[in-house]
Amino acid sequence: MAAATVTSERQFRIHDFWRAVVLTVLCGLQLLPLLMAFFISFKTIPQFSRVPFLPTLPLHWENYLSAWEIVRLFLFNTVFVSGLTVVGVLALGSLAAYSFAILRYPGREFLFYLVLALMMVPATLTLIPSFVLVKNLQLLNTRWSLILPWIASGQVFAIFILRTYLQSLPGELFDAARIDGASEWQGYFMIALPMSKSMLGVAAILNILGTWNNLIWPALTISHLERQTLTPGLWSYQVENFTRYGFLMAGLLIGSVPLIVLFFFTSRWFVEGLTSGAIKV
Amino acid sequence: MTARPVPGNSKDPLLLQVWKGRTGYLMLVPTMVLLGVFMYYPAFLGLYRSLFDWAPGLDADFVGLGNFVKLFTTDKVFQQSMGNMLQLSLWYVLSTVFVSLFVAILLHRMISQRLKYLYRFLAILPVIIPGIVLLMLWKFIYDATVGPLNMLLIALGLEEWTRAWLANPNTALYAVMLRNFPWVDGVAILILLAGLQVIPQEIIESARIDGANNWRILRSVEFPLITGQIKLLTVLTIMWGVQEFTAVFAMTQGGPINKTMVPGMWMFWNAFRINKMGYAAAIGVILFVLTLILTLINMKYITTQEY
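So the sequence lines, in the order shown, correspond to chains D and P. Residues 1 to 281, numbered by my numbering, are exactly what the first sequence covers, in order. Residues 282 to 588, numbered by my numbering, are exactly what the second sequence covers, in order.
Don't read these hints as lab results, they were simulated from the structure. Honestly, I wouldn't trust all of these hints.
As the list claims (entries may be wrong) - One side only, chain P facing chain D, incomplete, derived with CB under 10 Å:
hint : residue
1    : G302
2    : V566
3    : L571
In this text, a Cβ means the ideal position worked out from N, Cα and C, and glycines have one as well.
Can you build the whole structure from these sequences, using the hints too?
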């Protein structure tokens, strides 16, 4: 019996070994372009033409310094815009989700479907009229032209997942508070919000990823480069600096850092939220 | 449904119910205002404007369904863009489903929890690299003179295979399509992994007692039980593929000679390069209808498997 257990344990280890090899190759190939960018980012142009894809000495850190001079502005703008957007999305989204999930009033289902229906409206349908609207509201070239439409569209998905989550909580929680004389607002602030922290985290991260990666809308509404966000900023930066390889790669890598940092602190929430089965159809 | 001491007893007259539920409505006000102004108004305006020949600053001419007729009968670029979109979407679905399924199963079978955690992290890592960075890196990889792809071919002695991948009309669409090799998609993997993890252990155990090996368990137990997730991924990927034009916008802008044109890019081009706003809005409406059909299919046919 003991011998059999040992054999099967060893077999497990051998199987795990091959699984690990295959996964290492796949993930390694997936991340290879980033490794390439990392090596190139320390090169001068002559170093690049001599040895393009392997590390060369000396390392030229100044690529990062000069790239930082340009990219930091885009970074600041993106942090500001995505930050305000995600605060707005969470505030409005959680309030609406609480109202839809917990409170009772005539027309509640109808109003919810009015929100849900917007999940079927693609950004391509609204792109042109939204541009005309933002232009008519004199918001072009302001950060509001990004923040307001992004809060509006971002809250739809947040409402959807937060409502599902709040409905899965035991209703007695809210009933008990109500019997004790708590108002609906207290139910929202003292029960709903603290209990849905992890779901708020998931909604926040997905929202930040969405706005952070948006290329088309800011490229359309923001033409002053000093107000541009990171994604279109890096794109125009690339168009201008395509042949200054070290400088280009340094800029692209600097632009990747904030999300990596964010993910390091929140990956547990993110992965657990996505695998918890709470996001379903 | 349990009886709850909630405001708004259903026996009250309607107006009283509305009055008692006022906090509920109040909480929806900011959401509804923003949705009305920035979602509903543009959506209806888009539908309405698609019926006009319209450029900013000029009078709009009502043309009925003329824009749609023109798109489907005389606009060769649009028709080509639909074909390209179809090929791209098909590829996105195939690569997403197969690669993600393969990785998710490998992760699920991992005995060592520490290794499982590590590789799950590595698989999700590309998701948090800004999309534009990956697009720019792949544009660089495909570059004719300094791109690593051509360098690799030269090193392998395949010099005659080298080309300007994104500028060559014969390869541009495939270059856009095959970017991000080997297509490890962290979010898709997590969705499938979630499906695999909620399968009750007893089902797997009893299959094993009946003599099923890993492959048989995969084929006859696990695979049927995650068809819900696979269908969900398929529909989400197609819907994304229909609308997506960020990659084309960033890498080729639809060129060379419209070989990588997709409907979204063609809409953008018409609206903001040659000011045919009404015509562009009609393309937006077509993409909306396609999305709507896919959503309805999704709701009708996709149900999660019960155990």
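A quick look at each hint next to the structure:
1. G302: holds, 2 Å
2. V566: holds, 7 Å
3. L571: holds, 9 Å
The structure shown violates none of the earlier numbered hints.
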